[in-house]
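Here the working numbering is used: the first residue of the sequence shown is 358, the next is one more, and so on.
Since the hints were derived computationally from the structure, they do not count as laboratory data. Incorrect hints may have been included.
[To be verified] Dumping the calculated BS3-like pairs for lysine-lysine here, alpha-carbon to alpha-carbon at most 30 Å: (1) K442 to K359; (2) K359 to K401; (3) K442 to K401; (4) K401 to K482.
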Amino acid sequence: MKRPLIRQQVTFLYTDDLAATSAFYRDVMELEFALDQGPCHIYKLSPTSFIGLCTLADRPTSPVGVTISLVVDDVDGFHATLVNKGVTCERSPAFSERFNVYSCLFIDPNGYRLEIQEFRDPEWKN
């Protein structure tokens, strides 16, 4: 039996301040608001991928070990946009020979790592 098709993907991140975190993803990252679930706000990253922001009592409390990688066509342009909006860059755009990607790194208001990257590997199937 063939497994059912995966049509969409949502990654949930957790916060103590839903309003401020939602404002960051809406106003700074310029993501399209998709759904208000009360304690969770969901934003559209692409036609089939989403990021959910939640404030829940029974949530994980540490962003350690989590990196959200956003694959774009223009890392330098995305970097400039975020820096111009006052977001502190953790790592400036650079090429990684190890992973064959060009990327930069920011930290969101809750400590989650946001990697903006371009795959340079011809094996990447997007």
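We went through each hint and held it up to the structure:
1. Of the pairs offered as hints, the one joining K442 and K359 is violated, with about 46 Å between alpha carbons and a cut-off of 30 Å exceeded.
2. Of the supplied pair hints, the one linking K359 and K401 holds, its CA atoms being roughly 28 Å apart against a limit of 30 Å.
3. Taken as a hint, the K442 and K401 pair is honoured in the structure, with Cα atoms around 20 Å apart against an allowance of 30 Å.
4. For the hint pairing K401 with K482, the CA-to-CA distance comes to about 21 Å; that is within 30 Å, so the pair holds.
Against the hints set out earlier in the document, a violation occurs for number 1 only.
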